[in-house]
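For the protein sequence lines, the chains are A, B, C and D, in the order given. Residue numbers for the first sequence follow full-length UniProt numbering, so the first one is 1 and each next one is one higher. Residue numbers for the second sequence follow full-length UniProt numbering, so the first one is 1 and each next one is one higher. Residue numbers for the third sequence follow full-length UniProt numbering, so the first one is 1 and each next one is one higher. Residue numbers for the fourth sequence follow full-length UniProt numbering, so the first one is 1 and each next one is one higher.
The hints are simulated quantities; they were obtained by calculation from the structure and are not laboratory data. Treat the hints with care, as some may be off.
[Said to hold, decoys possible] Calculated lysine-lysine pairs in the PhoX-like style (CA-CA distance at most 20 Å, straight line):
id, chain 1, residue 1, chain 2, residue 2
1, A, K447, A, K375
2, A, K375, A, K417
3, B, K272, B, K447
4, C, K358, D, K272
5, C, K272, D, K358
6, B, K358, A, K272
7, B, K375, B, K433
8, B, K375, B, K417
9, B, K239, B, K186
10, C, K358, C, K375
11, A, K358, B, K272
12, C, K417, C, K433
Protein chains: 4
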Amino acid sequence: MSPAHPFDDDKPREECGVFGAIGVSDAANFVALGLHALQHRGQEAGGIVTHDPETGFNQARRMGLVRDNFTSADTMKILPGSIGIGHVRYSTAGSKGQTAIRDVQPFFGEFSMGGAAVAHNGNITNAMSLRRELIERGSIFQSTSDSECIIHLMARSMGRNIPDRMQEALRHVEGAFSIVAMTRTKLIGCRDPLGIRPLVLGQLGGGYILASETCALDIIGAEFIREIEPGEMVVITEKGITSHRPFPPRRPQPCIFEYVYFSRPDSVLGGKSVYEVRREIGRELAREAPVEADMVCTVPDGGTPGAIGYSQESGIPFEMGIVRNQYMGRTFIEPSEQIRNMGVRLKLNVNRALVQGKRVILVDDSIVRGTTSRKLKDMILEAGAAEVHYRIASPPVKWPCFFGVDLPSRDDLLAVKMSLEEMRDYLGVSSLKFLSIDGLYRALGEKEGRNPDAPAYYDAVFTGEYPIKLTDMAEQGLQFKVAAE
Amino acid sequence: MSPAHPFDDDKPREECGVFGAIGVSDAANFVALGLHALQHRGQEAGGIVTHDPETGFNQARRMGLVRDNFTSADTMKILPGSIGIGHVRYSTAGSKGQTAIRDVQPFFGEFSMGGAAVAHNGNITNAMSLRRELIERGSIFQSTSDSECIIHLMARSMGRNIPDRMQEALRHVEGAFSIVAMTRTKLIGCRDPLGIRPLVLGQLGGGYILASETCALDIIGAEFIREIEPGEMVVITEKGITSHRPFPPRRPQPCIFEYVYFSRPDSVLGGKSVYEVRREIGRELAREAPVEADMVCTVPDGGTPGAIGYSQESGIPFEMGIVRNQYMGRTFIEPSEQIRNMGVRLKLNVNRALVQGKRVILVDDSIVRGTTSRKLKDMILEAGAAEVHYRIASPPVKWPCFFGVDLPSRDDLLAVKMSLEEMRDYLGVSSLKFLSIDGLYRALGEKEGRNPDAPAYYDAVFTGEYPIKLTDMAEQGLQFKVAAE
Amino acid sequence: MSPAHPFDDDKPREECGVFGAIGVSDAANFVALGLHALQHRGQEAGGIVTHDPETGFNQARRMGLVRDNFTSADTMKILPGSIGIGHVRYSTAGSKGQTAIRDVQPFFGEFSMGGAAVAHNGNITNAMSLRRELIERGSIFQSTSDSECIIHLMARSMGRNIPDRMQEALRHVEGAFSIVAMTRTKLIGCRDPLGIRPLVLGQLGGGYILASETCALDIIGAEFIREIEPGEMVVITEKGITSHRPFPPRRPQPCIFEYVYFSRPDSVLGGKSVYEVRREIGRELAREAPVEADMVCTVPDGGTPGAIGYSQESGIPFEMGIVRNQYMGRTFIEPSEQIRNMGVRLKLNVNRALVQGKRVILVDDSIVRGTTSRKLKDMILEAGAAEVHYRIASPPVKWPCFFGVDLPSRDDLLAVKMSLEEMRDYLGVSSLKFLSIDGLYRALGEKEGRNPDAPAYYDAVFTGEYPIKLTDMAEQGLQFKVAAE
Amino acid sequence: MSPAHPFDDDKPREECGVFGAIGVSDAANFVALGLHALQHRGQEAGGIVTHDPETGFNQARRMGLVRDNFTSADTMKILPGSIGIGHVRYSTAGSKGQTAIRDVQPFFGEFSMGGAAVAHNGNITNAMSLRRELIERGSIFQSTSDSECIIHLMARSMGRNIPDRMQEALRHVEGAFSIVAMTRTKLIGCRDPLGIRPLVLGQLGGGYILASETCALDIIGAEFIREIEPGEMVVITEKGITSHRPFPPRRPQPCIFEYVYFSRPDSVLGGKSVYEVRREIGRELAREAPVEADMVCTVPDGGTPGAIGYSQESGIPFEMGIVRNQYMGRTFIEPSEQIRNMGVRLKLNVNRALVQGKRVILVDDSIVRGTTSRKLKDMILEAGAAEVHYRIASPPVKWPCFFGVDLPSRDDLLAVKMSLEEMRDYLGVSSLKFLSIDGLYRALGEKEGRNPDAPAYYDAVFTGEYPIKLTDMAEQGLQFKVAAE
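Could you build the full structure based on these sequences and the hints that come with them?
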């Protein structure tokens, strides 16, 4: 776990949001706004590349939040042009300071037919072997990021234009990718055949937008057109959009965790309102795991839609039993040891006067390590609650994700280390219930629950079933259950 | 309106939080945590002073948030000692850059019997005349802050010790003050006779804490003992607490806006849970101004308790119709012109899929200028809501506050410029209702509503009745209705 | 010794340069240039205050060199106006970081008749007792600097205008002062009755300039008019100059060390070219202390005029036996322990090929601790010189200066700890000679040498005779020989 | 011309210094010291790479001076290890801010057999065509620097180890190069067959050092062993040194400008003391161009050795007629327009009292544009000198250098635009004389002067004769006289 995020160690970490704009004046401003709306997908760093006929390609990469780095006139004026792309990222462990800035996307390369910049959300599962081969042939990597393989594959491609080169490059890549790329005149979007990470297309005046989520269209007043489909590549010029299908077709399996935790509640994903899915999860949870109590409270902010749904289904009032310090965000700080030990108090406070003597149902979106959950429960009991009933709006997290979600090692996952009963004892709550995997699928509209032969979503963190082969992991001798493709 | 806070120009601005600790090791860490919990009372700057027998008085003042300035080991190690005080502030218009840092409290002075530091929450209504007199007699002011008068009055006092000097100083001061001060060995707390701004006393192990609100006790795990009473001064040493009454007694009138907007919902104020008062306000509002609708939504985060209360009383479901970007906070940014025009979108997004075709009740805590409200309503209608019913959890804001709340000039207050009907038209909503002043008092437990002869709270922003004479304003030829003392 | 200046610990430290301009557009630019020319008088920090009818008084204070702080358009545009003053300083031990910035002059105070800023070069020998009295009467000091007393004395004065107040203030002050001050419309210069520190008046177009040295007039192309006389105060408005004599008359005794080390060689001081005085010192030294050798070398840059004079008088060729790294300056760095141990090598290198097998005369301006001298000699001998003859262009430094020169404590002065013979052994040179005190006076044109009954210069560091009583030192029980006034 | 260096626009610009160390603990400290000693070869930026078995390769690149960037413990502790290399550079026009940092050497690449870092002093005359070819084959360039070609050629080489790869890479390179490179365990030095830029080998305890000049050995107390020979590559491990000759042998032609201007006077180059060569140049100049005068003055600091030689030969006294502000250096500042117009005054001041009414011989090292010379002469005449005789310690600069020296375009060279007589008039001096090319060779010990058939030095800036073909220039249609190889 990175020491920089002590208060979110009990949550999976999102990894990356991407955004692109073409045909809009001062594209960098729109990219910055879009990245701000996608900040929940990555808070450690952000980068923007634009192109302008006079000054060529320009780029800025910064550690920290979009609002702190890409709002000053000084920064924005070095990013002129009507086409641009951007990326926000959550660091993987270890990289710090100067090194880290080299890992901040988009990556840029100058090719014989001109430059291209690439921003990648997802994870490449054969990156190690690709990187080794590329280095053997003379590529010099600038970063430690797996995503850099893509631009080196493009540099070596014989394709006559950049979209061709990207198609060729991506055919070598295994794993999850939602990509936004640009040349001097083209904005390119591409999504892996399974459609693991989201990518949507929008329109703003005469220009076009690509973004990880619809909330990034809303912030700039762009109109949602459609999702980029799994396995689709779109190439957008100022004249219009062409669609390509560079990969053999497969049954899509978008990531179920986007609904559970990652995407913003005001985004629409796969035709479904994320908020409404989560509220439905809360209702499902109330049906699966009812309990008598005086109030339903959320663990802010992730548990709120589920808590509302639970309250609506159960008729038990929804109350603000836990108050969040809004100056915390999931933001970046370097805490002193002492403050760090304060743990969750920096972020959340129990509404002492409210919960005293009451039976409280606490709804959270997920449990990873269980450390925060435990401290939170302590705070509620200290505050005098009579009972605490923990309800988790997802099944137990038991397996790693190799496709863009950062989880602690398996040994640190509470649901791996303990049985449900042991977890309840460890957390010290009156009762503990997780949503069932079928309940989760039902909340997503699959009336029969999960189809074990052809699950509609990528759900390996709950089930341990992976839809793509895991080349790098196999090289390291790690074996996982990979479903036949 | 300050350009630094474009998104909150439709809210009053809090002015200052204070915190002090004595008898705890590494007091600065506790002060930093306490100020972090009080950050909602002032985001522009913060300062901490500590005393340590070896290095004497040490101080650090910084522009920006506590989490950004007072969490690094480097900063904290220059603030050793077991006694310390701190202050967070919201700037008044105009001050920027180097000048501003000189205005950041606590103020410090070296007297013949040793040094003292003073942190002040409130506003001095005879500061102009005091300052003029002090300058005539040779005082050199370091800042533009009214609060600096206090330490100069102390410097000139003949009192033999610092508490005596502070008492003498405060007898010259008119207005609102909740003060936390320190010497090498004493922590001092004092509240003006009306008790306009809050101040509470807590205990942590063998040490004592003073803080603007109880939420700052919670964050460090301190136990709430009692409020400092209106007109009381407490002097705390490592041996214990003594209480003094330096002022002639008066009927207290704490500020009603602390309940409506300023204090955190998890604080307890005047024996009442702020959250429960606000929820009760929502219920009162549902009774005073019912309407048929499909959902009750909050304008996050201020309207949430009121919306919950309205939903509970009316039976109409509470839903997340508006989603807040948690990376915004009420935080400090320097926006480009273009981003600024995006207005409220940077902070809030309408949950488009949810509100489409629906009748929405929108609960907000207050309306000041009405600019944000109007943009928000636009966003909801654009998103396809069938009706928008605006419910405001406080009476119309019509008068300035001279006791620590920063409001726009009267001419910019929506409720001054327009009748209720005109406001409804201007905001373009289906209906608009404010809570009545009696309803507000009822929600605070005054069954008969407001007693016009002896109102229990300082409520001038709603009523125009001021409880203290306004020397500086009178000098400028501004006349307001001042209740006989 | 301050850790920030490891390479100059063998030299006295200058303390402060002052500069003022009136009647020139964009005065701050001229002040910055003037301070740059006076940078040798203080490298740690600098400050500028200007006044402009529209924005009032503006100020900027920065740690570090003028060239790094006061050259950007951003900084200069916050200092508008046609009148301004500035100050460069060399810190006294101990002050660091945030505290130090409060000690950076000019000091500013708002009085009932308007503001005034004061920049002071010199040292106040009754500052401790003044400060104590001022604090007792209610003054709050912002800094730890002795110079701040002056502005507090002015604040308390009953004088009806600022020049009157300054005269009254300075009558309470004992010690050395060359002051440049300003109001909204007046530039004021004042020099103590002994004229210990220099101050000159110049003209630039229709405007006037005050500066510590004439080299600061040259840099802006101003014409030298005359020196401010010892005991004189001039008040300059856009209309002209008036001269005042606020103090009882005394025989002047300007500081002799200005000629030996402090002032720049291109300045003219007391009607004498500093370069020519130093060259004459070198000639005197050649006559007093001749020796056979192959070359005369300087310890750059202080020894150069003396070495040229020695070479001219002796006929032995002047050569560059020691080369200075010009990226060092006497500049500010924070060295790692290891680099610090490299000592003098960072700054100076011996011209190995040149000195090998040669007899070298090395001319330096002064010896304080002797540490650098010793390392330097090591380097020359390592480089293979046959003999090293050390010639010092001033008498042995044996006493502290209380009037603006920072020397190590007496116990660390080489000439206090050792006899001439012991010094020669300690330094390990073939011969060591200092200039005699009479030789120094002769080089200054006093044909008879020093008149012990009425020495023409303040020369206590060589003689231990102080011309003014030392109130603070006496309070501390330190007794020095004070000449009858 | 870069706007950042307004005061040196009348001098050629050095381009780069290189340094490497192996077998010394905390190598980074020695590299930093060595680069500090080489700072005169490049002031815009510097970089250091080290290797440590535990943390692998580490690097730091910074804009600005070594003393400002590589002296803090914080920076140095991120550069552990007993092997390291470094580079200082002078930017070529145009690059600024974020882009520029990518151009700062050493360049680093990860190859299949491990990483390597390369620091290059010189210029590659077929860089454009190399770069184009490399991009076509898939290399992605990180910088705009020509030197980056070397590491990409290495990445593509089939050589089994890094020295082999470097040899292969350098066989493709045309131009001048003195290279210091490193792997995990090897320090590599290489010099082009002509030996245009210098490179020396030293020993420090059991470790070895490579450096551009001997002055960088002196600063760390290392012993000079020998120069790396033209066309030689040395590979140094902790066990010892092996020497290789990867190129066909040629008659060496080291750059004559290193003696005239670039190298530090305390360096020994080609077996000659640079100081003594320059002093001899001054003597030669006195013989070639005598004149009656009262004093010989230097234009600091470049002209000093020449002025000393001129004085010694002519018997006219050497005096400090011009004083340099030591806080200027050739350092980096961003001047306001107004300060910039002050031109040379910021750096130099005329010793007014000294030169008044005198006949002054002014010795400078070279004239490029003549702008500074002209302003300087103005200052001296303003100061009242009776006559100014300009003596230049090198022949007129008339041609570009393509091998590592940055000169203005030919059209801006004074000696191209004007005859000697016109130059004298333009500069407004009493007389103007340049050293002859034969005089320059004589000062270097070539008794017969320059041998036109086989000149001993690369001297194209004076003669227009280039020793290597100029591929990139020819591509651009620029033809120069290239001597048959």
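To see whether the hints hold, each was checked on the structure:
no.: 1; hint: A:K447 with A:K375; verdict: 36 Å, violated
no.: 2; hint: A:K375 with A:K417; verdict: 18 Å, holds
no.: 3; hint: B:K272 with B:K447; verdict: 15 Å, holds
no.: 4; hint: C:K358 with D:K272; verdict: 17 Å, holds
no.: 5; hint: C:K272 with D:K358; verdict: 17 Å, holds
no.: 6; hint: B:K358 with A:K272; verdict: 17 Å, holds
no.: 7; hint: B:K375 with B:K433; verdict: 18 Å, holds
no.: 8; hint: B:K375 with B:K417; verdict: 18 Å, holds
no.: 9; hint: B:K239 with B:K186; verdict: 10 Å, holds
no.: 10; hint: C:K358 with C:K375; verdict: 19 Å, holds
no.: 11; hint: A:K358 with B:K272; verdict: 17 Å, holds
no.: 12; hint: C:K417 with C:K433; verdict: 16 Å, holds
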